[in-house]
Amino acid sequence: MNAELLQGGLDRLVLSLDGVRIAYDFEAIKLEPTVRGQFVRDVLDAELEEAERERILVTGLRALDGRTDLEVS
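Position 60 (the sequence shown) corresponds to 1054 in our numbering; numbering is contiguous.
Read the hints as simulated data drawn from the structure, not as lab findings.
Mixed in with the good hints, there may be bad ones.
Unchecked claim - If you anchor each label on the Cβ, the simulated ranges turn out as follows:
#	residue 1	residue 2	range
1	Thr1062	Glu1041	27 to 35 Å
2	Glu1021	Glu1046	13 to 21 Å
3	Pro1027	Glu1065	27 to 35 Å
4	Leu1042	Glu1065	17 to 25 Å
5	Thr1053	Glu1026	15 to 23 Å
6	Glu1046	Ala1017	24 to 32 Å
For clarity, every value in this text was computed on a predicted model and none was experimentally measured.
A virtual CB, placed ideally from N, CA and C, is assigned to each residue, including glycine.
Produce the entire structure from the sequences given, and follow the hints as far as they go.
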């Protein structure tokens, strides 16, 4: 595991059969006065099914973090 990732304020990990991924705290992020915060607020306010909302949030936050692993299962 990347030690820099752990030092950057990692709160928790989610372990699944597909591997380990970082769990985003959407409620905390939506309070940020940032593009990330506005993105999360907009998606949470949209009329979407829960599974679709989660995929959009995770994909968008990964992109905003500069990650290239954008596919969400």
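We went through each hint and held it up to the structure:
Between Thr1062 and Glu1041 the C-beta distance comes to about 30 Å, which sits within the given range of 27 to 35 Å. At about 19 Å, the CB distance of Glu1021 to Glu1046 agrees with the hint of 13 to 21 Å. The given range of 27 to 35 Å is respected by Pro1027 and Glu1065, whose C-beta atoms sit roughly 29 Å from each other. Range check, Leu1042 to Glu1065: about 18 Å between beta-carbon atoms, so the 17 to 25 Å window is met.
In this structure, Thr1053 and Glu1026 meet the distance hint of 15 to 23 Å, their C-beta atoms being roughly 18 Å apart. Against the hinted window of 24 to 32 Å, the Cβ-Cβ separation of Glu1046 and Ala1017 comes to about 18 Å, which falls outside the hint.
Of the hints listed earlier, the one the structure fails to meet is number 6.
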